[in-house]
Amino acid sequence: MTYYKTSHQVNYGKRIIPLKMIEHMSFDDWEEFIEEWIEIKKSEYNEAERFGGAGDKGRDVVGYVSDKHKANYIWDCYQCKHYDSALTPTQVYKEFGKILYHTFQKEYPKPRKFYFVSPKGCGTSLSKLLQNPTELKEAIKKNWVRYCENDISSKQVILEGELLKWVNNFDFSIFKKIHTKNILKEHINHPNHLIRFGGGLPEREKLDTSTIPSSIQNSETIYVNQLLSAYASESNENYKKVEELDTKKLYKNHFNRARISFHHAEQLRNFSRDSLPIDTFEDFQKEILGGIIDIVEDEHSNSFIKVKEAEKEARKIVISSNPLKDVSIINDRSGVCHQLVNDKKIKWI
Amino acid sequence: MENSKNINPFNNSVESGLRMLTILNEAFPKSFDLQNLVYLDYLTIHSADIDKSAKSLHPAVPYRSGEIMVRGSIIEKGLSLFVAKNLIEKQYNINGIEYKATENAMPFLESLEETYSIELQNRAKWAIDKFSKHTKQELKNIMTPKLSEIDNEFNIEILQ
Chain A
1 MTYYKTSHQV NYGKRIIPLK MIEHMSFDDW EEFIEEWIEI KKSEYNEAER FGGAGDKGRD
61 VVGYVSDKHK ANYIWDCYQC KHYDSALTPT QVYKEFGKIL YHTFQKEYPK PRKFYFVSPK
121 GCGTSLSKLL QNPTELKEAI KKNWVRYCEN DISSKQVILE GELLKWVNNF DFSIFKKIHT
181 KNILKEHINH PNHLIRFGGG LPEREKLDTS TIPSSIQNSE TIYVNQLLSA YASESNENYK
241 KVEELDTKKL YKNHFNRARI SFHHAEQLRN FSRDSLPIDT FEDFQKEILG GIIDIVEDEH
301 SNSFIKVKEA EKEARKIVIS SNPLKDVSII NDRSGVCHQL VNDKKIKWI
Chain B
1 MENSKNINPF NNSVESGLRM LTILNEAFPK SFDLQNLVYL DYLTIHSADI DKSAKSLHPA
61 VPYRSGEIMV RGSIIEKGLS LFVAKNLIEK QYNINGIEYK ATENAMPFLE SLEETYSIEL
121 QNRAKWAIDK FSKHTKQELK NIMTPKLSEI DNEFNIEILQ
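As they're listed, the protein sequences go chains A and B. Quick note on numbering: our numbering labels position 209 of the first sequence as 209, and the sequence is numbered without any gaps. Quick note on numbering: our numbering labels position 26 of the second sequence as 26, and the sequence is numbered without any gaps.
One chain only, chain A, in its complex shape (with noise of 0.2 angstroms):
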């Protein structure tokens, strides 16, 4: 089979898909990740909180279902490690022994489940032990002086009496791993994720204009407002509200556009908040107000012609680079024209 060359391709290389992306991640790019991962989650946690460091007892990133500052916290532990491998039972002995110190300390009630996260993915015997909580427990304590003893404490621990009642009545069960391709596929819904890993935008919908409701909303006014005021500067009339326009065809049908392209142009606002990063919709209007600037600051006859100039500019600004260009229709341009008008960054009058 042959293909045509793309200038993706030219541009980009062979695309490699997301879960290989991660295996070359350094780690920064990891940590970030996971903290991307971590917002998400936090709609199932009460809150989420990130220890890291020394001092974690074992744990880096937690879950609380319930409040933590009652006693007997209902917590999930997530265990992030980054090697260049798939973990092994030894990389992490210590790990298990952390847990079931410091639950046996009381310094933290026990986990509702602990999970290691790693870029490679746990490793075949690691996910064996991890599938047998009676072979985990016999395998912690094989290795606990060699890997455990010395390790999870300033002090040293020492497997027995009290402690080793502890381990032996312990549910080992709670021990699980999350595989990589499971966090990217929650991961999907941070606005990060494009940029991260590439893809494409999803589907822009189409704008049902009858769910705009026939009354202007208080979120609507400070627009309304201006334009009302240049209809006015044209007229030499007062207008107050929106219904003193009935009579006048040529600003009523003006307006009815106007007010279309600002909900257009607010649920583009929508569309990136669900899947670009924060600033990527502020740059699209500074953009088009980087288009208007000058003709909106020129002297007009009357306002109602600076708004028309300024609309018929925004349509023509050639949009190179942001993200937001394939999806973006004409009537956005306008539209953004009277969200900068909305959210006070240029007048009218």
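It should be emphasised that the hints constitute simulated quantities derived from the structure, not laboratory data. Nothing here was measured: the structure is a model prediction, and the numbers come from that model. Misleading hints may appear alongside valid ones.
[Said to hold, decoys possible] Below, computed lysine-lysine pairings styled on BS3-like, alpha-carbon distance capped at 25 angstroms:
{"#": "1", "chain 1": "A", "residue 1": "Lys-176", "chain 2": "B", "residue 2": "Lys-30"}
{"#": "2", "chain 1": "B", "residue 1": "Lys-125", "chain 2": "A", "residue 2": "Lys-176"}
{"#": "3", "chain 1": "B", "residue 1": "Lys-85", "chain 2": "A", "residue 2": "Lys-128"}
[What the hints assert, rightly or not] From the structure, some residues in chain A lie toward chain B, with a derived Cβ separation under 7 angstroms:
{"#": "4", "residue": "Ala-86"}
{"#": "5", "residue": "Ser-127"}
{"#": "6", "residue": "Lys-128"}
{"#": "7", "residue": "His-179"}
[Unchecked claim] Partial pick of chain A residues on the chain B-facing surface, computed with a CB cut under 8 angstroms:
{"#": "8", "residue": "Leu-19"}
{"#": "9", "residue": "Gly-121"}
{"#": "10", "residue": "Gly-123"}
{"#": "11", "residue": "Lys-181"}
Each residue gets a CB set at the ideal place from its N, CA and C atoms; glycine is no exception.
Please arrange chain B on chain A, whose structure you already have, making use of the hints.
Leaving out everything else, chain B in the frame of chain A:
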């Protein structure tokens, strides 16, 4: 860059190697030699031939018992491919040459999502739970009468 060589969609090294990896991963840390793997492979994909209550992953084609004879070399090629990818390791021990899954086996298999791969993992688990304790000779003794039965069934069908 494009490879013009046609690769058979069935019985190629990727397909047979993936089955071996799935079986070895289920049996981990056990290792098996080639002949043993050939039997376990047959049991994984034609489970209904041995246990009527099970459902086979692959269709019950006529004369499939012959697969036991011819699969050996195909499976060996698949094993070599996956050894090269560090998913299976080759061990030389007192029983001769044996194969075992590596630490990378589990994370690799877990990244697969197609129904076939997942079904394959279920059947491999079944085959390993039931038959991994048997020796090669025992497996042969279990399978031989069943296989000739299968061939006879088909011969009778032709005669009718």
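Here is what the structure says about each hint:
no.: 1; hint: A:Lys-176 / B:Lys-30; result: 23 angstroms, holds
no.: 2; hint: B:Lys-125 / A:Lys-176; result: 20 angstroms, holds
no.: 3; hint: B:Lys-85 / A:Lys-128; result: 21 angstroms, holds
no.: 4; hint: Ala-86; result: 5 angstroms, holds
no.: 5; hint: Ser-127; result: 4 angstroms, holds
no.: 6; hint: Lys-128; result: 6 angstroms, holds
no.: 7; hint: His-179; result: 5 angstroms, holds
no.: 8; hint: Leu-19; result: 6 angstroms, holds
no.: 9; hint: Gly-121; result: 3 angstroms, holds
no.: 10; hint: Gly-123; result: 3 angstroms, holds
no.: 11; hint: Lys-181; result: 6 angstroms, holds
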